[in-house]
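J.: With chain A's structure known, arrange chain B on it following the hints.
Just so you know, the sequences run in chain order A and B. Following the UniProt record's numbering, the numbering of the first sequence begins with 1 at its first residue and continues without gaps. Following the UniProt record's numbering, the numbering of the second sequence begins with 1 at its first residue and continues without gaps.
Be a bit skeptical, because a hint or two may be false.
Claimed, not checked - Okay, derived cross-link-like pairs now, BS3-like style, lysine-lysine, Cα gap no bigger than 27 Å in a straight line: (1) A:K23 <-> A:K38; (2) A:K39 <-> B:K208; (3) A:K38 <-> B:K68.
Stated by the list, open to error - So the derived list for chain A, only partly shown, Cβ under 7 Å to chain B, looks like this: (4) F17; (5) C21; (6) E35.
Just so you know, these hints were derived from the structure itself, not from any lab. In this text, a Cβ means the ideal position worked out from N, Cα and C, and glycines have one as well.
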Amino acid sequence: MNINMTLIGQTIAFAIFVWFCTKYVWPPLSNALNERQKKIADGLDAASRASRDLEQAQEQAAQTLRESKEQASQILEQANKRSAQIVEEARDQARAEGERIIAGTRAEIEQEINRAKEELRAQVSHLAIIGAERVLEASIDEKAHRKLLDELAAEL
Amino acid sequence: MAAGNDVTPTAYIQHHLQNLTFGNHPENGWSLAHSALEAREMGFWAIHLDTMGWSIAMGVLFIWVFRKAGKIATTGVPGKLQNAVEMVIEFIENLVQGAFHGRNPLIAPLALTLFVWILLMNTLKLIPIDYFPELFMRLGVDYMKIVPTTDPNATLGIALGAFFLILYYSIKVKGVGGFAKELSLTPFNHWALIPFNLLLEIIALLVKPFSLAMRLFGNMFAGEVIFILIAMLPFWAIWLLDVPWAIFHILIVVLQAFIFTVLSVVYLSSAHEQH
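Chain A with its partners taken away, still in its complex shape (with noise of 0.2 Å):
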């Protein structure tokens, strides 16, 4: 328990250490501690850039999905549209059309009655001619009963 020269070892041996550790020791684990510190830094800050880009992206995405439905709705609903018109114009033309023929039909079945009438006119007054010739059992001046015998055929 006496003070000795031991202070002095003491002393110079805490200088010695501290300038070892000074020079030694505390740089290269300093160092390391601060390069990771600012690599690990580093590494977050690029993973939060990394998922913003990847949020961004997403929504991107989401956005481009978004559209292309509009757009193919758009697209189908045009082209009902489209074909309800196609179906209506078919229809149309096909009722003119039925129309058409049905009109031309009517105008030839006029055509062939009149046709028959006319033919059943002439008939007739043949028919009445030789009737009366063979009642009268006279030759009858054809020429001279002519008018007489038209007026009969339009009676009919």
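T.: Frame of chain A, contents of chain B only:
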């Protein structure tokens, strides 16, 4: 009390508290002291071989481990040793950042050295107190007190080192005039009170290393004495008191190293402050 039952308690305690002293004895010349009396007679020109040896061994252990960690230090994934060392480094860095308000690249390594070195020296106390004295007795060495911090020479020596740094930085930062002015004109800024200020400030300055040294020494020495007293119980009862006291000392050992380091840093910080 492994030293044998023929030893009286007083002798046992004295034996355990005696350092292995090598010095200039007035009669025997340069020699090892064989008793407390001889050691005392050697006066100042003596050296405690055990204190020096163990403290240097602990210092070298500290330097070796930390240097090794520094050499393999990578910025990548750290190993276990590097992790442990970096934890200490970070702890010290935080401590210095909190307590030291200046710019000095020496302070952090100084604090690291103080903390780890004192911690290692204090930790030697947890080795059962009879092991080394007994072992060295068998080897023919009379005394072996392995805990350097229970020797006031060691604690005062380290504190003096810190004190010299305080003086050095006071003068370097403030200049000789500035330092003298601080000593003579605070706390009372009046010429008539200069002698009073000087007395006050110089006492305050000198008390710093002394309080550092005495706090550490007192705590460690008191703990050591209690361990010695506990060791004199019957062998089957020793653990009853020894174990709680040792567990308690795990706290004391760290705490005292921490206090010494923090106060040194605080004192050095105030040495850097301009008024």
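J.: State for each hint whether it applies.
T.: Right, here's what the structure says about each hint:
| no. | hint | in the structure |
| --- | --- | --- |
| 1 | A:K23 <-> A:K38 | 23 Å, holds |
| 2 | A:K39 <-> B:K208 | 42 Å, violated |
| 3 | A:K38 <-> B:K68 | 23 Å, holds |
| 4 | F17 | 5 Å, holds |
| 5 | C21 | 4 Å, holds |
| 6 | E35 | 4 Å, holds |
When the structure is compared with the earlier hints, a violation turns up for hint 2 alone.
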